[in-house]
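2 protein chains.
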Amino acid sequence: MVKKIEKIALFGGTHGNEMTGIYLIKKFLQHPYLLKRSTLQVFPLLSNPKAIKSRVRYTEIDLNRCFAPEDLENLDQVLYEQLLAKTIHQKLLNNQINFVVDLHSTTANMGLTIILSDTNKFHLQLSSYLSLIYPELKVLYYASKEKDKLLRSNTDLGLSIEIGSIAQGILDANLFIKTEKLIYSLLDYLETYNQNKIEEKSHNLVFYEVFERIDYPRDGEDITAMIHPNLQFKDYQPINSGDPLFLTFEGENILYKGLSEVYPVFINEAAYYEKGIAMCLTKRREITVTFH
Amino acid sequence: MVKKIEKIALFGGTHGNEMTGIYLIKKFLQHPYLLKRSTLQVFPLLSNPKAIKSRVRYTEIDLNRCFAPEDLENLDQVLYEQLLAKTIHQKLLNNQINFVVDLHSTTANMGLTIILSDTNKFHLQLSSYLSLIYPELKVLYYASKEKDKLLRSNTDLGLSIEIGSIAQGILDANLFIKTEKLIYSLLDYLETYNQNKIEEKSHNLVFYEVFERIDYPRDGEDITAMIHPNLQFKDYQPINSGDPLFLTFEGENILYKGLSEVYPVFINEAAYYEKGIAMCLTKRREITVTFH
Numbered sequence: 042m043v044k045k046i047e048k049i050a051l052f053g054g055t056h057g058n059e060m061t062g063i064y065l066i067k068k069f070l071q072h073p074y075l076l077k078r079s080t081l082q083v084f085p086l087l088s089n090p091k092a093i094k095s096r097v098r099y100t101e102i103d104l105n106r107c108f109a110p111e112d113l114e115n116l117d118q119v120l121y122e123q124l125l126a127k128t129i130h131q132k133l134l135n136n137q138i139n140f141v142v143d144l145h146s147t148t149a150n151m152g153l154t155i156i157l158s159d160t161n162k163f164h165l166q167l168s169s170y171l172s173l174i175y176p177e178l179k180v181l182y183y184a185s186k187e188k189d190k191l192l193r194s195n196t197d198l199g200l201s202i203e204i205g206s207i208a209q210g211i212l213d214a215n216l217f218i219k220t221e222k223l224i225y226s227l228l229d230y231l232e233t234y235n236q237n238k239i240e241e242k243s244h245n246l247v248f249y250e251v252f253e254r255i256d257y258p259r260d261g262e263d264i265t266a267m268i269h270p271n272l273q274f275k276d277y278q279p280i281n282s283g284d285p286l287f288l289t290f291e292g293e294n295i296l297y298k299g300l301s302e303v304y305p306v307f308i309n310e311a312a313y314y315e316k317g318i319a320m321c322l323t324k325r326r327e328i329t330v331t332f333h
Numbered sequence: 042m043v044k045k046i047e048k049i050a051l052f053g054g055t056h057g058n059e060m061t062g063i064y065l066i067k068k069f070l071q072h073p074y075l076l077k078r079s080t081l082q083v084f085p086l087l088s089n090p091k092a093i094k095s096r097v098r099y100t101e102i103d104l105n106r107c108f109a110p111e112d113l114e115n116l117d118q119v120l121y122e123q124l125l126a127k128t129i130h131q132k133l134l135n136n137q138i139n140f141v142v143d144l145h146s147t148t149a150n151m152g153l154t155i156i157l158s159d160t161n162k163f164h165l166q167l168s169s170y171l172s173l174i175y176p177e178l179k180v181l182y183y184a185s186k187e188k189d190k191l192l193r194s195n196t197d198l199g200l201s202i203e204i205g206s207i208a209q210g211i212l213d214a215n216l217f218i219k220t221e222k223l224i225y226s227l228l229d230y231l232e233t234y235n236q237n238k239i240e241e242k243s244h245n246l247v248f249y250e251v252f253e254r255i256d257y258p259r260d261g262e263d264i265t266a267m268i269h270p271n272l273q274f275k276d277y278q279p280i281n282s283g284d285p286l287f288l289t290f291e292g293e294n295i296l297y298k299g300l301s302e303v304y305p306v307f308i309n310e311a312a313y314y315e316k317g318i319a320m321c322l323t324k325r326r327e328i329t330v331t332f333h
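Residue numbers (my numbering), protein chains in the order written: chain A, 42 to 333; chain B, 42 to 333.
I should point out that these hints are in silico values taken from the structure, not numbers from a laboratory.
Accuracy of the hints is not assured; some may be wrong.
Computed cross-link-like contacts, SDA-like style, restricted to lysine to any residue with a CA-CA straight-line distance of at most 20 Å [said to hold, decoys possible]:
#, chain 1, residue 1, chain 2, residue 2
1, A, Lys219, B, Glu293
2, B, Lys68, A, Thr289
3, A, Lys94, A, Leu70
Here are some chain B residues the structure puts well away from chain A; computed CB gaps all over 12 Å [to be verified]:
#, residue
4, Asn139
5, Phe163
6, Ile328
Think of the CB as a built atom: it goes at the ideal place given N, C-alpha and C, for glycine as much as any other residue.
Input sequences plus hints: build the corresponding full structure.
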């Protein structure tokens with residue numbers, strides 16, 4: 042059973058070109074009362090000031106891959122973001138943070154998504170509560186080998202909020218407002234939880250579990266095909282073996298050959314071209330979440 | 042009267058994170074026969090290889106603002122893109138290029154647009170021809186004080202192709218295909234022109250003329266408002282005095298107070314935040330283009 046969640050760190054600008062989180066944090070820094078709840082202390086933080094200033098994802102290395110315990114302990118890793126990760130980690134320890142929320146945005150059409158590295162009961166209850174309020178909300182369970190490297194993994198409890206599709210470097214007022222509302226509901230839930238007032242009722246929860254990542258077809262480093270038009274902006278919609286994944290520059294379809302009823306996400310995320318990820322494949326899960 | 046157009050330079054990657062043009066040029070370099078026309082010699086060129094490699098708009102200064110004659114002549118301007126501009130200009134001279142096409146993309150919802158710095162008869166005839174083939178095509182007349190600085194201004198004749206909305210750093214197969222088709226039609230027109238086979242028929246042409254650029258509301262350098270949701274993705278749709286332009290982070294509307302029946306374009310272009318441009322306002326023009 043989880044104790045009370047009292048100290049929450051809310052991060053924006055972990056990637057310096059994802060403006061939604063950056064401007065939400067700036068808003069909260071200017072109007073701290075918006076995050077006030079009687080049982081909570083919420084710290085709004087801009088993760089990567091240097092990348093934010095330059096409007097780039099990162100300056101030397103992706104900050105959101107710098108938090109593995111062995112990397113934090115390695116004092117010879119001194120790229121800017123590696124240093125930054127160590128100070129962020131220390132700040133979380135010093136302030137006894139027990140819940141991290143990390144705000145992101147994506148060029149993929151993932152709408153409003155919360156991403157979990159862990160399906161512990163607390164996370165599932167929280168997800169279930171938020172899904173009831175926001176029927177459009179998607180829950181993504183994404184526990185890759187890299188999960189320890191993520192900012193949200195600094196605490197046992199925590200999640201990322203992902204909003205899209207939105208280009209890097211811009212704000213979309215509708216997506217800004219949606220993300221802001223979700224944050225308030227999340228804080229309301231934690232408050233209710235701390236007050237032992239969560240209604241003890243079971244709910245169905247649908248979530249999507251990442252099981253594979255697919256790269257673009259390539260010739261050396263260079264890609265040789267694009268996301269197929271049938272798939273572009275179709276995150277969380279099922280595909281089956283034989284459906285087109287890519288369209289080569291010469292106009293040929295490249296088909297998916299794999300499990301049926303899989304749900305691609307992070308389709309055509311700009312930052313993932315360099316990571317060798319054209320999309321992540323997920324399986325849809327439906328479970329009953331109990332609250333007692 | 043314009044002589045024959047025989048040598049055409051077709052540029053992609055003038056901005057290194059606008060992938061549509063980059064991958065079209067790569068395709069043409071690999072399959073040069075696609076650009077073959079009996080009276081034309083077409084040179085496909087990647088403008089800024091260093092920016093393309095780093096997937097950024099530019100490395101030191103915007104290449105597409107480096108072509109003013111006084112800057113080209115100034116041998117003390119030695120930032121990477123300033124040097125590059127001088128060599129590109131020289132290459133155009135050496136090859137006796139008389140028409141430049143520069144491929145761009147935008148996060149604004151401008152669909153398929155051709156941009157002219159000059160409304161000479163040749164440009165208008167060409168635009169009229171292309172508009173008949175592609176009813177969705179928009180023609181933008183954008184002759185700012187900066188027009189001499191643009192790559193397309195290296196020759197008297199030439200234009201930019203702009204496609205959107207698309208995030209920086211990604212490809213969208215549908216937009217790639219649309220741009221490719223437009224290029225072929227453009228070459229077909231030049232070929233027909235050279236062969237003196239243009240049909241001598243008058244056509245109506247609608248174009249949009251930029252007359253003003255509007256910045257975001259700011260506090261110092263930082264913006265204090267977003268593009269209003271009513272306006273986001275509504276390029277080329279008319280607004281009137283009293284319509285909302287921006288939404289502050291606190292939720293207040295900021296209204297447009299100016300001429301009525303104006304048509305904003307480049308709404309929320311990512312690269313224009315740093316240039317102090319939230320949108321460009323245009324007036325709609327309708328003229329008759331004659332061909333004799």
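Okay, the hints, checked on the actual structure:
1. A:Lys219 x B:Glu293: holds (16 Å)
2. B:Lys68 x A:Thr289: Holds: B:Lys68 and A:Thr289 sit about 10 Å apart, inside 20 Å.
3. A:Lys94 x A:Leu70: Holds. A:Lys94 to A:Leu70 sits at ~17 Å (cutoff 20 Å).
4. Asn139: holds (29 Å)
5. Phe163: holds (31 Å)
6. Ile328: holds (34 Å)
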